[in-house]
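**Q** Order-wise, the sequence lines are chains H and Z.
Following our numbering, the numbering of the first sequence begins with 321 at its first residue and continues without gaps.
Following our numbering, the numbering of the second sequence begins with 16 at its first residue and continues without gaps.
Worth double-checking, as some hints may not be accurate.
[As the list claims (entries may be wrong)] List time: in silico DSS-like cross-link candidates among lysine-lysine, alpha-carbon distance up to 25 Å: (1) Z/596 to Z/486; (2) Z/223 to H/329; (3) Z/98 to Z/197; (4) H/460 to Z/620; (5) H/389 to Z/221; (6) H/329 to Z/221; (7) Z/221 to H/460; (8) H/464 to Z/620; (9) Z/440 to Z/310; (10) Z/653 to H/460; (11) Z/595 to Z/485; (12) H/389 to H/329; (13) Z/426 to Z/258; (14) Z/653 to Z/440; (15) Z/615 to Z/653; (16) Z/620 to Z/567; (17) Z/315 to Z/476; (18) Z/620 to H/440; (19) Z/476 to Z/486; (20) Z/461 to Z/542; (21) H/460 to Z/572; (22) Z/330 to Z/542; (23) Z/258 to Z/291; (24) Z/615 to H/440; (25) Z/596 to Z/192; (26) Z/653 to H/440; (27) Z/261 to Z/291; (28) Z/476 to Z/310; (29) Z/261 to Z/426; (30) Z/615 to Z/737; (31) Z/461 to Z/595; (32) Z/615 to Z/542; (33) Z/330 to Z/486.
None of these hints come from the bench; they were simulated from the model.
Chain residues, written in single-letter form:
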Amino acid sequence: MATLLINGKSHTVDVDPGTPLLWVIRERLQLTGTKFGCGVAQCGACTVHLDGQAVRSCQTTVAQAAGKKITTIEGLDPAGRHPLQVAWIAEQVPQCGYCQSGQIMSAAALLARNPNPSDKDIVNAMSGNLCRCATYPRIKRAIKRAAQGVRS
Amino acid sequence: MKTSLTRRTFLASATAAGAALTIRFPLVGPGAADAAAAYDPNAALTITPDGLVTVHITKAEMGQGVGTALAQIVAEELEADWKDIRVDYPTNDPKYGLMLTGGSWSVNWTFDTLSRAGAAARLALIDAAAKSWNVSPADCVAERGVVRHLPSGRALRYGEIVARVPITKTFSEDELKQITLKKPSEYRVVGQWIPRLDIPEKVTGKAKFGIDTFLPNMVYAKVVYPPVREGATRKAVDDSAAKGVKGYIATVTLPQLVAVVATSYEAAVKARDALKVTWDPGPNANVSTESIFAKFAQAKDDPNATPWHEQGDVKSAMIGAARRHEATYTTDYVAHMQMEPMNCVVRFADGAYDIYTGSQFQTFAVGTLAATLGVDASKIRIHQQYLGGGFGRRLEPDVMVETALIAREVKRPVKLIRSREEDLKRDFYRSATLQSVRAGLGNDGKIVAWEKTVIASHPGKRWGPDFVDKKGLDQFALNGADHVYDIPNQIVRAVPVETGIPVGYVRAVAPNYTFFAVETFMDELAKLAGVDPVEYRLSMLGSAPRLARVVKLAAEKAGWGTPLPPNTGRGIACVSAQEKKTPTWTASVVQARVDPGTGKVEVQKIVCAVDCGIVVNPDGARSQIEGSLLFGVSNALKERGTIANGTLAQSNFHDYQVLRMNEVPETEVHIVPSTEYPTGLGEPGTTTIAPALSNAIFAATGARVRQVPLLPDRVLAALRAKA
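Construct the complete structure from the given sequences, taking the supplied hints into account.
**A** Shown next, in the form of structure tokens:
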């Protein structure tokens, strides 16, 4: 048994403590915005926040996550109107969309610690998130747009 | 409450490039509808009394924005108000004809049909409104979802007509064909910057992909795959240890597969790991990249190579040529690496299979599933979901078949999720290839003879007789080798080779490698002739003026000929992809810097010019071109699938690397305004990159790299060979 605090709500789940957080979030709790892509922290599709830090949930165990504040894409903004989500629509970023929850979660952690990121900061923070559709130029633009919105 | 419709089928008859595929898109002339019922005039759309228009998208939405684009086509002629437009992705049904998404075909194949579907529904709505007012339809117009009687000013919204007025006008096939469609100058929806309909739910995590399916009482399955990609046989299965895993439910042992089923994904993984299966590795256990290329090299001199494309008299022209040149090009295996690993959920109940997944080729999947499971096609229902990337991977029904076989045994809904490792090892790759090209030049430097042999595995052979031509060749393994340059004497030969490594269709398919050889060789010949590569191409594009135009445009926008820093160069490539019959004229100039010490190539900038005819959604088009170019950069720079012990040597994103944000060059896209019939955009850009980049490396260093990917060690070897 483990108790997880996800998006402000407490969930008790009957899993081994070594179970990857990803599978609990996705397959047990059916918060499917968090995606499975590689299972080895190489693609970033499973990115969530643990106490505000971007982590790969495929490489985070339930034991490591217990007692911390877990935020998934569903909890980023109650109305789905986080400045990044607004910017993502304005820049028409997603193609297939599968990696985009992870992209947005990585970008949100970046903006939370660095509200005015340079191009280099963005590339450094985002190069762990793969997008096979290669929407990277639009992701970059959307992060800048959101950063401007957050600052103003 | 729906009345029975008189269904007439007419052929939109798109024929897939010589393959024995006839594309039937049945479109029914608007049928009669009772007042108050939904108006369901044809397979393309439904209008409900609330005024909402649902466009039924039978193409897979995998990021190309096809739902929005096809809905725009319908809305244009329907004169619908865009805010009333919805889309859905219906379950397979014979009424939708061929359900296949690929080849950059979607808009090209459906533009006319969907335009007529929308127009016919509009005319029927006008007719119904006019009858209800007892006026002539000629005095009525439809605009933004409202029919108006001009002399009296009376008006009825589409929803009101559906709710209150009998719609009786129907169209025969001939009448449908005779409908006068709008001129491009009259478009109000097509060509507009309309935001994509699927994007809002893709930024909140709400969009549902196949992997997001849950059914009551569902269990998880894991298949044990053999260590060799093809040809291994199973000797024994010992599930005694697996049975002890918490959550284990059953072992499924079938001729086709062995699998375990458990209560959760992680329990299924544990049980799978505990299952002991012994294999006879079979005849392919020693297949390797080296053995495959050795086989290719042998095939190169095959006197029985099948002529695929022929014109003029190559033999005489080659003898008479003032100069001759030849080169050999190779490309390595490429994997799809779509971000959503292959997965499927199947419920088997009452003799029918409900299949939840994202499919690019429902028609093929239904046929394969029905044959494998021994049921009628009507018992197969594929509930289409968003695709977390397709790129051709989801043309294949393999995972649907596995999941359905397991679901039939366990009598509970089954979810099968492949790990990334399984996804990559069990992929159907873009074939490795070897191409030899020979040309003879006249005294003026122009090409008088062209001879090429394409050696590759052909995916169509695995799919069956419908997917190869009479000579046993898969057109989709060869497209592009029949380029559009004015060369009087040409022969292209093909040798399909079986290797033990199954191949499939990966974004932009054959033109990735055929145009790599054509466009790199063209640069070599330009050098030999002492002519600028852009001028050289233009001198042979007299019969392809639209391609010549994008070549000029790309060169001009890229500053072709202007000086660059040391070790930096520009290369150009132009293509008639995806198919010569329905080309999107595309040219790219790539600017790259080569580190002469390490051979590392930095792609700095891509300028791409495209003429695809009418553009339905300009931003969607731009997005597709950007993505296709960067997919090409990833293929050209990084992706090398190698084979060892009969299987792919790579296992995940750490050793099969794809493009990341820190490697993205600046991209500049120029789309030529056009009123020509639209073609497609998902792939052509991809095919320009490897040759343009190889040509840029040559321009930067004088070293010619004839192997894709253009890896640092290959660049270094070419630099040394030059020195």
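**Q** Where does the structure disagree with the numbered hints, that is, which hint numbers, in rising order?
**A** none
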